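Take a look at the letters that make up each chain.
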Amino acid sequence: MGRLGGSTVPAVSRRVAALGIAGLVGGVWIAATVAQEAPLPQRLPALLARVTAPAIDRGIRDQDPPRPPWRDSSGLMSSIPGSDAPVIPGSIILKFRPGTTSEARRAILSQVGGTTMRALPYAAFDLVSIDATIDPERAAKTLDAQPDVEYAQARYRVRPAFVPNDPLYSRQWNYPAIDMERAWDINPGATSSITVAVLDSGVAYRSGVFGFNSQAFRLTAHGPEYPALGFISVPFAAAPELGGVDRFVAPRDFIWDNNNPLDLDGHGTHVSGIIGQLTNNGVGVAGMAFNVRLMPVKVVSGDWDFIFDSPFEGTDDVVARGIRYAVDNGARVLNLSIGRTGRPAPAVQAAIASAVSRGAFVVVAAGNGFESGNTVERLAEFAPEIDGMVAVGAIGRDRQRAFYSNTGSYVELVAPGGDSRVGGREGTILQQTFDFDLVETYLSGPTRYQAPRFDSFAYEFLQGTSMAAPHVAGFAALLMQQGITSPAAIEAIMKRYATDLGPSGRDDEYGYGLINPRAALRGLGIAK
Amino acid sequence: MSVVHPNRVGGWWSSVVLIVAALLLSAPASAQSRVSLRGFGDVGRTTFAATQSFTAVLGSDTGRAFGGGVDVVFARRVFVTVRVSRFRRVGQRVFLFNGMQFDLGIPTTITVTPLELTAGYRFDRGWRLVPYGGAGISRNRYEETSAFSEADENIDARFSGYHLMGGAEVRLAQWLGAAAEAQWATVPNAFGNDPNSVSHEFEESNLGSMTFRLKVVIGR
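Chains as they are written, first to last, in our numbering: chain D, 1 to 528; chain F, 1001 to 1220.
I should point out that these hints are in silico values taken from the structure, not numbers from a laboratory. Just so it is clear, the structure is predicted and the values come from calculations on it, not from any experiment. Every clue listed holds true.
Interface residues of chain F toward chain D, partial, derived using beta-carbon atoms under 10 Å:
(1) Ala1050
(2) Thr1108
(3) Glu1201
Each residue gets a CB set at the ideal place from its N, CA and C atoms; glycine is no exception.
Chain D on its own, in the form it takes in the complex (with noise of 0.2 Å):
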C-alpha cells in the first residue's frame, strides 16, 4: 500500500501539480480575458454576453394611456435633490490664449483657487477643478475676465429637447407634409457616403448583455425611496427598424467613457429613426435619409444613467467633446437634439464653428420651453452667427408653430415637431424607440420596481423640437449627397427654398420657413 500509495502519490501529485498549473493559467487566463471585455468597476458597465435573443418588436404604441410629461420638468434626474441644477459644482471649464506662459496659468487659476484636471480628448479646453463651496458662475466670470483667458465657463447641465406626449408611413404626417415624396423622388435617402452624427442620449444600435450597478434613489426629495438593485444583468438589442451593425460608425459615450453608447432612454433612438430609419422595406415606418451610415455619440445622460451612476453627465465640455469626435471620425452631419438655458455656452460655439469650418453641418433644436419662459435656448442661439449651423423650431400638423417651440432671433427654419394640442397624440411625431413600459420601471413605484430592459421595441409618438431638428439633418444629408458639400450653402438652400409661414419674410417664430427639401434638391435650371 504503501509503495503502491508511495509510488501512486508521486503521480498523483504530478497531475495535481498539472491540473493546478493548468488551472491557474486557465484561471489567468480567463481573468485577462474577463478583464479585457467586461471590467467589473463599480459604475462601469460590464458586457456580460454579446448575443442575445433577437429585438423584441411590441407594435405600435397609439392605445397607451396618456403618458404623463417627464422629461423637462418631472424627470428622474431633475426630481434628485442638486441634479436638477443647472451647474455642476466644483469645476469649470477654462480657455487659455494660445502662447499664454505656464506661469500666467498658475497665476490666473489661483485667483480662483484652481488647478487643471487631467486632459480628456476631444477637448480644445481645460477642465478646472475648484472648491465646491465656490460658485462656479462666479468663478468663470471672474477667469473669463483674464486677458490671456479666451473663456471660462462654467459646466452647465445639458438636457434633451423633446417634450414627451400622451399619446407606421400613413401615419407619419410629417414627411408628406414637407413634401418628401417627391424630394425621395430626386434623392432617395442619400447612400452610406454620408455619416450623420445624433449626438444624443446613445443610440439602440447593438445588442449584448451589460453589467450595471444600481443605485437607490429616490423620485421626490421626501418620496419612497427606490432600493438597490445591486449589480444588474440588462439586455440590450439593436433597433430593428435602423439596420445591422454596418449602419453604423465610430460609436463612442462620453457619459461612460467607452465605445459603447448605449441608449438607456430611448430618445436618441427616437432621433436617430427620423434621420435614418429604414424606409421602403415593408416593416414599420420611414425616415428621412434613409441609407446614411449613423454615428452614435452619447452626450447626454438619462435617468437610468443617473441610477447606474455614469461618471459623467451631459454637460458643455462632455457636448464639445462629442462634437470634435464626431468630426475627427468622418461625420458630415451632426444632429443635436439637446440644449439647455441659463448661461452661455462659449464651449459648445467654439465646438460647432470648428465643426463647420471642417465642412460638417450642425443642426441644433431650438427648445420646448415657449411656454415656460420662452428662455434663449444656449446651443441654438449662436445659429445666427455660424454660416453652417442652424436651430430648427418644431412645427404641429396644422403648419403652426407647436405649442412648446421657442420662438427668438436664433430660429432660423421649422420642420415638423409635432404638436399634441392640434392632432392629438396622432399629431407627433411616430418613430420606433424602446417600449417605455419596459424602460421607466420606476415610475409604477417601488414595489413594482425592477431592472430595465432595452430589447423591447415599439412605434411611439413623440414631439418636440428635438424631433424637428433630425428632419433638418436628413435633409442636409440628402443635400450633402446631391452634391452641396459646404456647411454655408447647405444653409443658404435650406433658407432660400423654405416656404414661408408666419408674417411675410423672416420672422422669430418660422425662421426663414419651413423647410422644402423637394425644391431645394431640384435646383436651378436657366430660367427655371
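We have chain D; now place chain F onto it with these hints.
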C-alpha cells in the same frame, strides 16, 4: 409656360414687308423679273449671350446648331430667307452660392429653336465669291425640361428677336454653292424673372447669340 408678345407680332410682319420692299426697289428694273428659289442646310457654332447662365447649367455657353431653310433671290441681288434651326444640349441643374457652383446631377435639356426671316443684299458682281449681308426678325422657341419636374415646372416659351448677318457664298457648280456666315442675334427679356433660376442670379435675360456657320446651298 408659354410667353407670347402679341404687340410685337404686328411689328414683326410690318418690318418684313418694309425690308423686302426696300430691297426689291433697289434692284434694277430689268432684273426684278428674275426670281430664283434655293434651299440650304447649315451647321454652326452658337455662343449664347447669357454666357454665365448657359455655362452654369450646360458646362459651356457654346454649342452646335443645325439649320435649314429657303432663299428667294430676286434679280441675283436681293434675297429673302426663311430659316429654322435648332440647338439642343443636356446639362444639369445647379445651386449657386457665394461664387461657388454645386452641380446637382439632375439632367436638364435646353432646346432653342429660332424661326428667322431675313432680308438682305448680295453683292453679286459675277464673281465666283458673292458676299452678302442682311437683317431680320425671329421668333424663338425656348424649351427647358428637367428630370423629376412636374409639367408646370418645365418651360416651353416663345420670344421675339432681331438679328444681323453677313457671309460669303462660293459657287461650286451651277446648282450647288457653299457659304460661310456669321450672325448676331438678340432676344431680349427671354428669362431672368424667376428668382429660382440661374439667369436671375446672373441678371441675364437675353436669349440672343453669336453664330458662325457653314452652309450648303442647292439652287442657282
